[in-house]
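K.L.:
As they're listed, the protein sequences go chains A and B.
UniProt numbering numbers the first residue of the first sequence as 1 and each following residue consecutively.
UniProt numbering numbers the first residue of the second sequence as 1 and each following residue consecutively.
The hints are simulated quantities; they were obtained by calculation from the structure and are not laboratory data.
Incorrect hints may appear among the rest.
If several chains are the same, the list does not tell them apart, and a pair holds so long as it fits within one copy or across any two.
Claimed, not checked - Here are the simulated DSSO-like cross-link-like pairs (lysine-lysine), alpha carbons at most 30 Å apart as the crow flies:
1. Lys190 / Lys222
2. Lys222 / Lys189
3. Lys7 / Lys190
4. Lys283 / Lys83
5. Lys283 / Lys7
6. Lys83 / Lys327
7. Lys395 / Lys197
8. Lys222 / Lys395
9. Lys218 / Lys161
10. Lys189 / Lys327
11. Lys7 / Lys161
12. Lys255 / Lys83
13. Lys7 / Lys218
14. Lys7 / Lys255
Here's the letter readout for the chains.
There are 2 protein chains.
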Amino acid sequence: MNNILLKDGDVLCADGQVRQQDIAISGSFITQIGTVEGQADRIIDCHDKLIIPGFVNTHTHAAMTLFRSYADDMMLMDWLQTKIWPAEENLTAEDVYWGTLLAIAEMLKSGTTCFADMYFFMPEVARAVAESGIRAVLARGMAGVAPTANQALAESENFYKEWHNTADGRITVMLGPHAPYTCPPDYLKKVTALAAKLGAQIHIHLSETAGEVADCQKQYGKSPIALMEELGVLDHGVLAAHCIHISPNDIAIMKEKGVRVAHNPGSNMKLASGVAPVPDMQKAGLCVGLGTDGAASNNNLDMLEELRLAAMLHKVHRLDPLSVPTKTAVDMATVSGAEAVGLGTLTGKIQTSYKADITIFDMQEPYWHPRHERLSLLTYAASSRDVHTVIVDGKILLDNHQLTTIDQERLIAEVDHRGIRLVNHKS
Amino acid sequence: MNNILLKDGDVLCADGQVRQQDIAISGSFITQIGTVEGQADRIIDCHDKLIIPGFVNTHTHAAMTLFRSYADDMMLMDWLQTKIWPAEENLTAEDVYWGTLLAIAEMLKSGTTCFADMYFFMPEVARAVAESGIRAVLARGMAGVAPTANQALAESENFYKEWHNTADGRITVMLGPHAPYTCPPDYLKKVTALAAKLGAQIHIHLSETAGEVADCQKQYGKSPIALMEELGVLDHGVLAAHCIHISPNDIAIMKEKGVRVAHNPGSNMKLASGVAPVPDMQKAGLCVGLGTDGAASNNNLDMLEELRLAAMLHKVHRLDPLSVPTKTAVDMATVSGAEAVGLGTLTGKIQTSYKADITIFDMQEPYWHPRHERLSLLTYAASSRDVHTVIVDGKILLDNHQLTTIDQERLIAEVDHRGIRLVNHKS
Numbered sequence: 001m002n003n004i005l006l007k008d009g010d011v012l013c014a015d016g017q018v019r020q021q022d023i024a025i026s027g028s029f030i031t032q033i034g035t036v037e038g039q040a041d042r043i044i045d046c047h048d049k050l051i052i053p054g055f056v057n058t059h060t061h062a063a064m065t066l067f068r069s070y071a072d073d074m075m076l077m078d079w080l081q082t083k084i085w086p087a088e089e090n091l092t093a094e095d096v097y098w099g100t101l102l103a104i105a106e107m108l109k110s111g112t113t114c115f116a117d118m119y120f121f122m123p124e125v126a127r128a129v130a131e132s133g134i135r136a137v138l139a140r141g142m143a144g145v146a147p148t149a150n151q152a153l154a155e156s157e158n159f160y161k162e163w164h165n166t167a168d169g170r171i172t173v174m175l176g177p178h179a180p181y182t183c184p185p186d187y188l189k190k191v192t193a194l195a196a197k198l199g200a201q202i203h204i205h206l207s208e209t210a211g212e213v214a215d216c217q218k219q220y221g222k223s224p225i226a227l228m229e230e231l232g233v234l235d236h237g238v239l240a241a242h243c244i245h246i247s248p249n250d251i252a253i254m255k256e257k258g259v260r261v262a263h264n265p266g267s268n269m270k271l272a273s274g275v276a277p278v279p280d281m282q283k284a285g286l287c288v289g290l291g292t293d294g295a296a297s298n299n300n301l302d303m304l305e306e307l308r309l310a311a312m313l314h315k316v317h318r319l320d321p322l323s324v325p326t327k328t329a330v331d332m333a334t335v336s337g338a339e340a341v342g343l344g345t346l347t348g349k350i351q352t353s354y355k356a357d358i359t360i361f362d363m364q365e366p367y368w369h370p371r372h373e374r375l376s377l378l379t380y381a382a383s384s385r386d387v388h389t390v391i392v393d394g395k396i397l398l399d400n401h402q403l404t405t406i407d408q409e410r411l412i413a414e415v416d417h418r419g420i421r422l423v424n425h426k427s
Numbered sequence: 001m002n003n004i005l006l007k008d009g010d011v012l013c014a015d016g017q018v019r020q021q022d023i024a025i026s027g028s029f030i031t032q033i034g035t036v037e038g039q040a041d042r043i044i045d046c047h048d049k050l051i052i053p054g055f056v057n058t059h060t061h062a063a064m065t066l067f068r069s070y071a072d073d074m075m076l077m078d079w080l081q082t083k084i085w086p087a088e089e090n091l092t093a094e095d096v097y098w099g100t101l102l103a104i105a106e107m108l109k110s111g112t113t114c115f116a117d118m119y120f121f122m123p124e125v126a127r128a129v130a131e132s133g134i135r136a137v138l139a140r141g142m143a144g145v146a147p148t149a150n151q152a153l154a155e156s157e158n159f160y161k162e163w164h165n166t167a168d169g170r171i172t173v174m175l176g177p178h179a180p181y182t183c184p185p186d187y188l189k190k191v192t193a194l195a196a197k198l199g200a201q202i203h204i205h206l207s208e209t210a211g212e213v214a215d216c217q218k219q220y221g222k223s224p225i226a227l228m229e230e231l232g233v234l235d236h237g238v239l240a241a242h243c244i245h246i247s248p249n250d251i252a253i254m255k256e257k258g259v260r261v262a263h264n265p266g267s268n269m270k271l272a273s274g275v276a277p278v279p280d281m282q283k284a285g286l287c288v289g290l291g292t293d294g295a296a297s298n299n300n301l302d303m304l305e306e307l308r309l310a311a312m313l314h315k316v317h318r319l320d321p322l323s324v325p326t327k328t329a330v331d332m333a334t335v336s337g338a339e340a341v342g343l344g345t346l347t348g349k350i351q352t353s354y355k356a357d358i359t360i361f362d363m364q365e366p367y368w369h370p371r372h373e374r375l376s377l378l379t380y381a382a383s384s385r386d387v388h389t390v391i392v393d394g395k396i397l398l399d400n401h402q403l404t405t406i407d408q409e410r411l412i413a414e415v416d417h418r419g420i421r422l423v424n425h426k427s
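Bound-form chain A, shown alone (with noise of 0.2 Å):
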């Protein structure tokens, strides 16, 4: 059994507070928080460092870094039509794993312990979410609109019975129906009898833009949110990807249905998407997490970034500086996006019981004094640069900025030779 001590670290403790404490870890678990005294075998000096729950990025598709800075700052149609659908038609299942590798070298590097993830090819995710030592909640993307959705449901099935609580349990496997413009209503029907089969929770994305929801009311009369109640979708466990084009109707469903949602601001930033009435869905008591998106609309994985932009774009939109403080965008990035992905009794605290998801970050830099407020410099002043070490389900994962299970170097030789050929390649 694997044992770790972190001494004298600044800890975000499970009540909001922090506090300095140590932290012992046994296996895969935190198994005491307070004075320990004894050995371990290795013991982390956390003096001038802040000790956090890892976040959790609750919407991503991973392998699109591997578009990263291809196409930006143009219309979203023009965007998908042009550039990303073409070069997607290029992706071999190899590129879907260094693709992914790429998004989980970024991830552990800025503090992300888990993801949630939809895309195609998911073996090849899922193989390298098991090498890296990551979590993560995976997905099937399927369109019910393209040549490949009865394909896409078997792949699912699959994908379900091959991988779901795998990797020491660190892999859970979802459905991942793509949208409600892109799965008619037969398909998503087929998709809910198989998760009523399975068990299996459903990966969505709902009412992201003003186009679609005004589509959906006028072909169905009622609202994506609606529309998916009504066909039963709701009823297997949501994490519902963007929800910014709600009504209060639609908010008062998802508090029903216990819909969890995955808030995605640089990406709805940058894609003019609109702003997700997320103090609303808080008050109505819905969980929110946070999410990158893909690396082609955000263009990072940086979830210190979106915790940031949760803080500052809602205060904004708002001209309410009360908006989303610094205490509810750290929980929505930590232990909310944990209850989001559905790993909440797991993971996003730091409490014993939980599984050892940690983050530590170095507090050297300038801008991390003076230290009137610690939540208050990482909200608002920090960097994901300054992510020192991570750890999950137990194990190191990044070691003094040093990622201990993933080759850095051969990494990036591949996708910047992935990157570029996919793009260039006429299919």
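We have chain A already, so just place chain B on it with the hints.
P.N.:
The following block gives chain B in isolation, referenced to the frame of chain A:
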């Protein structure tokens, strides 16, 4: 004469294109760009590095770093009256020196080579600038409603005479009437007369909050911008911070008078001040630079973050993904910033005969890959922690991430001590 040669970097050239070039620096100037053979006192291998003009922070209150994280998520007047103003009462000249040095350390480490400051105890600010080697445009803040109103005018005149165009030309001085709501018309007339007498430009806050604009309309029957025009304030070369709540008529006045704008998206978001009509100002041909504002309302001095916020905030505010594209955002942080602070013929571009004010980013981290488009990576993916080397006026002030003119360890000890004293001490 000190010579530096930057070899094989990816250079953001004055035409907006990124090309692999060498840059020769002799004394304080850029003397050659292209393929440069020969020797130098120092040759820096810039392979895998991005070389851009140093960032220009067009609006800050540097010494307010001492209040970083002291008070957040509050209503503006509550924040000022119960927290910031009482703490500022305790500031000594030496506090301002150390607080400013902390700001300079942070700015240099994040790639800023020039900043425009408005505060008090300005000779201490100038001393920190002179010693550290950074470039700055300094103004003694003046409030006509304060007991120190006349003293501030006298100090401003003395400060201009003693410090304008000093430190090898790295320090220029402006007059700093705080804002129309703190400087009544009679006082602004005195400031204007002083500006005419000295030939000094003016740095002022204009139209930051909806409340102050409504009050101005009520009291004077016109907007702050129109009032400033009437009082002759705009006739002396004006750097105007914020300009959020402005009308098309205000923009027309600003264009006619050549008012340059310091846009502070981070501060405007965090304080919930509103969103400045940046695309409209730019369409009208106004010069718009970027600023961080003080660290009490941001809470860091990271210009790359402001650049990114400028690129993202206006997209979501206008629901237009073409708003403030990459190139525009980079220009705002560099060439337009230099023009905004009155140094557009001296700095802000990588061009021969311009001052060697240069920032070099290391492109190693995972989020710099793959490299489809370097300016997109800088704008949407990079971290200011990637800043590797910073040159100001031909001198290396940051060398492989290490400050060369500031003792960081002593600085941190000083500001930690002073920061705590300031907020605990009852005067």
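K.L.:
So, for every hint listed, does it hold in this structure?
P.N.:
To see whether the hints hold, each was checked on the structure:
1. Lys190 / Lys222: Answer is within; shortest intra-copy Cα gap is 21 Å, inter-copy 64 Å.
2. Lys222 / Lys189: within (17 Å within a copy, 61 Å between copies)
3. Lys7 / Lys190: neither (52 Å within a copy, 60 Å between copies)
4. Lys283 / Lys83: Between copies, since 28 Å is at most 30 Å while 39 Å is not.
5. Lys283 / Lys7: neither (38 Å within a copy, 56 Å between copies)
6. Lys83 / Lys327: between (39 Å within a copy, 20 Å between copies)
7. Lys395 / Lys197: neither (34 Å within a copy, 68 Å between copies)
8. Lys222 / Lys395: neither (47 Å within a copy, 64 Å between copies)
9. Lys218 / Lys161: So Lys218 and Lys161 fail the 30 Å test inside a copy (38 Å) and across (70 Å) alike.
10. Lys189 / Lys327: neither (39 Å within a copy, 46 Å between copies)
11. Lys7 / Lys161: Classified as neither: same-chain Cα gap 41 Å, cross-chain 55 Å, threshold 30 Å.
12. Lys255 / Lys83: neither (37 Å within a copy, 38 Å between copies)
13. Lys7 / Lys218: neither (59 Å within a copy, 60 Å between copies)
14. Lys7 / Lys255: neither (41 Å within a copy, 59 Å between copies)
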